[in-house]
Amino acid sequence: MGDIKLMKGNEAFAEAAIRAGCDAYFGYPITPQSEVMEYLAAQEPHKRTGMVLLQAESEVAAINMVYGAAGTGKRAMTSSSSPGISLKQEGISYIAGSELPCLILNVMRGGPGLGTIQPSQSDYFQATKGGGHGDYRMIVLAPASVQEMSDFVKLGFELAFKYRNPVMMLSDGIIGQMMEKVELFPQQPRLTQFDQTWVTTGKTPDRKTNVITSLDLDPARHERHNQKLQAKYLKMRENEVRFEAIACEDAEYLFVAYGSSSRICQKSVKLARARGIKVGLFRPITLFPFPETEIGRMATDLKGILAVELSSGQMIEDVRLAVNGQVKVALHNRMGGMVPSPDEVCDALIKSFSIG
Amino acid sequence: MEIKNLKPEDIISEENLVYTKTSLMMDKPLSFCPGCGHGVAHRIIMEVVDELGIQADTIGVAPVGCSVLAYEFMNIDMQQAAHGRAPAVATGIKRCWPEKYVFTYQGDGDLAAIGTAETIHACNRGENIAVFFINNGIYGMTGGQMAPTTLPGMRTSTTPYGRDVALMGNPLKITELVALLPGTYMVSRHAVHTPLCARKLKKAVRTAFENQKLNKGTSFIEIVSNCNSGWKMTPIQANKWMEENMFPFYPLGDIKMNGELVKKTE
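Here the protein sequences line up with chains A and B, keeping their order. Going left to right, the first sequence walks through residues 1 to 356 as the numbering used here numbers them. Going left to right, the second sequence walks through residues 1001 to 1266 as the numbering used here numbers them.
Just chain A, same shape as in the assembly (with noise of 0.2 Å):
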């Protein structure tokens, strides 16, 4: 067993960090994800492992830090929050398009604009759907506790080297600074060996040259590439899904949720049966590739889905994708900041499907 502390997300992510052997941080300072860097500041990583951290003059300069390290066969990292990530959009694309891999943490906070400090999940859009320009996705991992703002950080790195993609762990305020109990993994070597095939390293006699680029002005040759990507978009949606079913085996309702929206739905299906309805959570651990097979084929015997959201209902639409009409999609929502309580949602379901 590992090391068990009492940690916020955002500490158990850097110290994760830490311990997946990642070569480099680059950040910039935002709310409500500044202890990343702190806590990264204060253990000293170059200390514990060699890792370089470094604070940018802007997201835009860390996320290109973040494209240089990882061109180089790196684990290379950055974390900021939604306006933030904002910024970051042109770099995620450029390491898309070069198939670079690499982990970015957004831990959302409510928008658009400069919105608020406080928790959000507004962002699945952007994070899902390519927020940048161009055909590309990311592996989208969304942790629901402290424990999984630790697990994930390996996982995730895991993915971007076996894609050679970038993954992005959508968090938000609540996970980022809720304190909870998590075992932290045992400290893994930093990247010593690695694949020499693509990385610029400087160019030996036994090789031609490695280019990191994402440019190719011959149309045939980039429709080939871009045919390439979609090729390894379509792997991941085969190979990558996760999910958990929480209280589904005999359940006539389903409350679709993530993140921190999960965690408030815990608690509403423990209220709603023990007022007799039967209703299970089924929460999406991979917002890309997205669980839609599994909630098409559950979408058969239900009476009816609430899709659960700190946001306008952005998710939803993946999950009306996956039903396909089958049963009755509804959505509880709350924006801004604003966080439903166990007893909203479940009236919510009732109100609803007009049930009982």
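It is worth saying that the hints were derived from the structure and are not from the lab. Hints should not be assumed to be uniformly reliable.
Claimed, not checked - Some chain B residues judged to face chain A by a derived CB distance under 7 Å, without partners named:
| no. | residue |
| --- | --- |
| 1 | Arg1085 |
| 2 | His1121 |
| 3 | Thr1142 |
| 4 | Gln1145 |
This structure is a prediction, so every number in the text was calculated from the model and none was measured. All C-beta atoms in this analysis are idealised placements derived from N, C-alpha and C, irrespective of residue type, glycine included.
Let chain A serve as the given structure and place chain B on it in line with the hints.
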């Protein structure tokens, strides 16, 4: 032997050879406009990497603009960066591989407009990289628009009646600006339109790479060059115009050497 029967190898024999192209320049025609200075700048940097024997330890960063295709011609590992972001990309590489040689090759729009923040902060941190800055006072690749370094009164496609500084602001002397930052160890301005200028540049480029080995901080070399296509001139006219107009505003020479500002003797 009659002249018409002469083959190239009869003239260019081993003992007559005074110059060979470095193998660090790819064997393909440059895509730059005839008369452009980019080709000479490319060659000089690659000659220095070749002569120092550091090809296996050198990583170049080419951003957006005419410099974007540098990796097509430079026979070294390279990363293509987003517009203006080359110093940040180079920082990411260098921090992970402090023993490698890392350089950026950027134009004026890239380095002194969209990438000003990345330029200044990389220089201010004293990243151990070399920055090669091609200043031709214009956006060449996009068709000759006003650049941050376009001279007052200079005609471009977005200042067709000449740059009106009251309206469009003043040209930015970013090289003098970065020389004031504590992180820069060497700041120098050069040209490539004459053999003498090219030789001086080569010496400076060599110093820039040597500074990296010694962890001295940022070496920043501006190369004032022509853009005959963008300026709508013949190459000879463009070089003459550059000497008469660009050099008085962007005077050639060392600005900062060994971490100390060079005193100007008027």
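Hint-by-hint comparison with the structure:
1. Arg1085: Hint on Arg1085 (chain B): holds, closest Cβ of chain A at ~4 Å, below 7 Å.
2. His1121: This hint holds: His1121 (chain B) lies near chain A, its Cβ roughly 4 Å from the closest one there, short of 7 Å.
3. Thr1142: 14 Å, violated
4. Gln1145: 20 Å, violated
This entry does not satisfy hints 3, 4, going by the numbered hints stated previously.
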